[in-house]
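Asker: Same order as they appear, the protein sequences are chains A and B.
When we follow our numbering, the leftmost residue of the first sequence carries the number 42, and every step to the right adds one.
When we follow our numbering, the leftmost residue of the second sequence carries the number 42, and every step to the right adds one.
If you are wondering where the hints come from, they were derived from the structure by calculation, not from laboratory data.
Just so you know, even glycine gets a beta-carbon here, dropped at the ideal spot from N, CA and C.
There may be inaccurate statements among the hints.
As the list claims (entries may be wrong) - Straight-line C-alpha distance at most 20 Å; calculated EDC-like pairs for lysine to aspartate or glutamate:
#1 LYS306/B - ASP314/A
#2 LYS301/A - GLU275/A
#3 LYS361/A - ASP355/B
#4 LYS45/A - ASP355/B
#5 LYS67/B - GLU290/A
#6 LYS308/A - ASP307/B
#7 LYS67/B - GLU177/A
#8 LYS308/B - GLU205/A
#9 LYS72/A - GLU177/B
#10 LYS45/A - GLU177/B
#11 LYS306/B - GLU275/B
What the hints assert, rightly or not - Going by beta-carbon spacing under 8 Å, a handful of chain B positions derived as facing chain A:
#12 ARG174
#13 ASN175
#14 SER311
There are 2 protein chains.
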Amino acid sequence: MNRKQLTIGLFGFGCIGKGLYEVLQKTPALKASIKSICVKTKNKQRSLSNQYFTFEKNDILQDDTINTIVELIDDADAAFEIVKTALQKGKAVVTANKKMIAEHFEELLHLQKQYNVPLLYEAACCASIPIIRNLEEYYDNDLLESIEGIVNGSTNYILTKTVEKNISFSLALKEAQQKGFAETNPLLDVGGFDAKYKLQILLAHAFGVITQPQNIFNLGINNLYDFELNYAKEKGYKIKLVAYASKNEEGKIISFVLPKFVTSKDKLFSVDDVFNGVKIQSYFCDNQFFVGKGAGAYPTSSAVLSDISALTYDYRYEYKKLNTQHSLANEEDIFLKIFFCVFPYQLILSLNHFLKILKNTISMKTMAL
Amino acid sequence: MNRKQLTIGLFGFGCIGKGLYEVLQKTPALKASIKSICVKTKNKQRSLSNQYFTFEKNDILQDDTINTIVELIDDADAAFEIVKTALQKGKAVVTANKKMIAEHFEELLHLQKQYNVPLLYEAACCASIPIIRNLEEYYDNDLLESIEGIVNGSTNYILTKTVEKNISFSLALKEAQQKGFAETNPLLDVGGFDAKYKLQILLAHAFGVITQPQNIFNLGINNLYDFELNYAKEKGYKIKLVAYASKNEEGKIISFVLPKFVTSKDKLFSVDDVFNGVKIQSYFCDNQFFVGKGAGAYPTSSAVLSDISALTYDYRYEYKKLNTQHSLANEEDIFLKIFFCVFPYQLILSLNHFLKILKNTISMKTMAL
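The following block holds chain A by itself, in its conformation from the complex (with noise of 0.2 Å):
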């Protein structure tokens, strides 16, 4: 098969772009090279040559020698803005903005559909573990059940801390920022959303279904205290952040991201520090199980790489499981096992009343970013 030449317009040049910059250099039988790069800082000391910079996006955006985006910028709304131009324009894209993808998903369909150009986006769920190529691939025949995976490699690392160092939350919290793990503001992480909008994307590549964030519940770790981490080592029980979907019996969806008391029999239990997990649960393949680094340059920049490579072959996702009409389930049929920490009991209630004691006693400002 023949590979298509790749000329690459990288935005963004942080760890994950100049992790993705010495992997290229590294792999020169990939036939693709990056030819200009748009950052937003002028003023800064940089490990390449002032040539391969400008900070006017259109200089990459409107130069038609490029075929290739890639997308590597913080700003999900800026973000939004290069990589709809960029497929208008008729260029490939490869991101790993998860926020940017969940909140525009549709529309990116749409704009893929409509220039007939693929919109790759691997290292956006679980950085380096092949999830999205995997359910679109792999399991596009099989009658998936469930998916349920941590795949937040910054609260994975926060909780490993408190159990192995035996310390609070906000303590591990607060040395994860000081390694540069979680972000200066870290809601975003510990309040569950960037598993969220992960989750949001597995969703349509696991069942088909189209969602909305704000259509999908999820609680942070950010409310755990002692007192949760004490029951969970008193227990031998480890807490994990889990995005979970399944399919019920009238084949609709039920999805969230909670907090959760995993036990040692569970997979998800050994998945710790930045490492990320996500358990299949097929009708044919049954059980099946990837673990990989969730966070990090190297890991990250190898699936842009990944969708790279994919690229130069004409690989685009085909949505093949969009048409199978699988919705999301209303959350009143939604029944969880909840581990109250002021009378520490195990107790069965529907979503809806967990909401509504949710709102009454535990602060809810992980709902409100």
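Position chain B relative to chain A; hints supplied.
Answerer: Positioned in the frame of chain A, the structure of chain B alone reads:
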């Protein structure tokens, strides 16, 4: 993308063949139907109407309306003849026969090229785990350093039972045979040959190395006695039959199949029963881990189904790494920590020395298949 309509000729109607038939009945969206099934035994009660069956392979191979052959028989030599003829007739082929693929790898590669037809065999390695597809597609540019895994479900089941039930290897084997998890002649599995064939296939897709089964050293679990099992128990280890391949400093590939003491920190520790697990270590994506059922009708037919589905999209292996020029390392270069059952201590020996000792001390029937 327009999907190809597949008309399938199926060889073999054992567990996996039956599983595939059921699986296809449950996935009507897939444009694939079984036209005819070739079986060996004439007078056997079967779950399908007689009109589906033939006892003459040419009824299928010479049928021009059949564009796809799915080969699921036991006999590797007969399987090769079927696959060879099918490819020569321009029919796409899906097979699960690792022994056949391993023994004829180079010829099968040549036939695919010469007749411009795809041959897919995801089910041949680790059944439900999409390991070949991921090595081929997703890690196509990452710099792989090693793969290590439990790739044989039967031996893993046996080893798990020795621990769970605290029974001897021979008793666990007997039980596995009674339950249908191990063959009446189990040497293919317990001698590490099945694992070796799989490793040989993985070598091509991971590192681009084509070799012969006799060039990979394998030692099975059939020489394990209570002494080793008790030693593992005492130390909190598990014994796992591990297939291993890594790149050494000169870029040469070291590979072997051996029973290994695995500590609880190793991800393979918790891969029990008929599950398989494969660890991938690479420069960019770091540590990746895949787990899934490595045996059974449904998990295997699920992988066959994925290959069938991929054929409807004109997918084929590109064997992208065959030009990377890696070769197998000389056995002299391999260093291992060895456990001796007579005097339990660990020491480092070159494999050559190890083999000499093995030849003198341990029954070599595993080498004789």
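Asker: All hints are to be evaluated individually against the structure, with a verdict given for each.
Answerer: Taking the hints in turn, this is what the structure says about them:
no., hint, in the structure
1, LYS306/B - ASP314/A, "holds, 14 Å"
2, LYS301/A - GLU275/A, "holds, 15 Å"
3, LYS361/A - ASP355/B, "holds, 15 Å"
4, LYS45/A - ASP355/B, "holds, 18 Å"
5, LYS67/B - GLU290/A, "holds, 16 Å"
6, LYS308/A - ASP307/B, "holds, 13 Å"
7, LYS67/B - GLU177/A, "holds, 18 Å"
8, LYS308/B - GLU205/A, "holds, 18 Å"
9, LYS72/A - GLU177/B, "holds, 17 Å"
10, LYS45/A - GLU177/B, "holds, 18 Å"
11, LYS306/B - GLU275/B, "holds, 16 Å"
12, ARG174, "holds, 6 Å"
13, ASN175, "holds, 6 Å"
14, SER311, "holds, 7 Å"
The earlier numbered hints are all upheld by this structure, with none contradicted.
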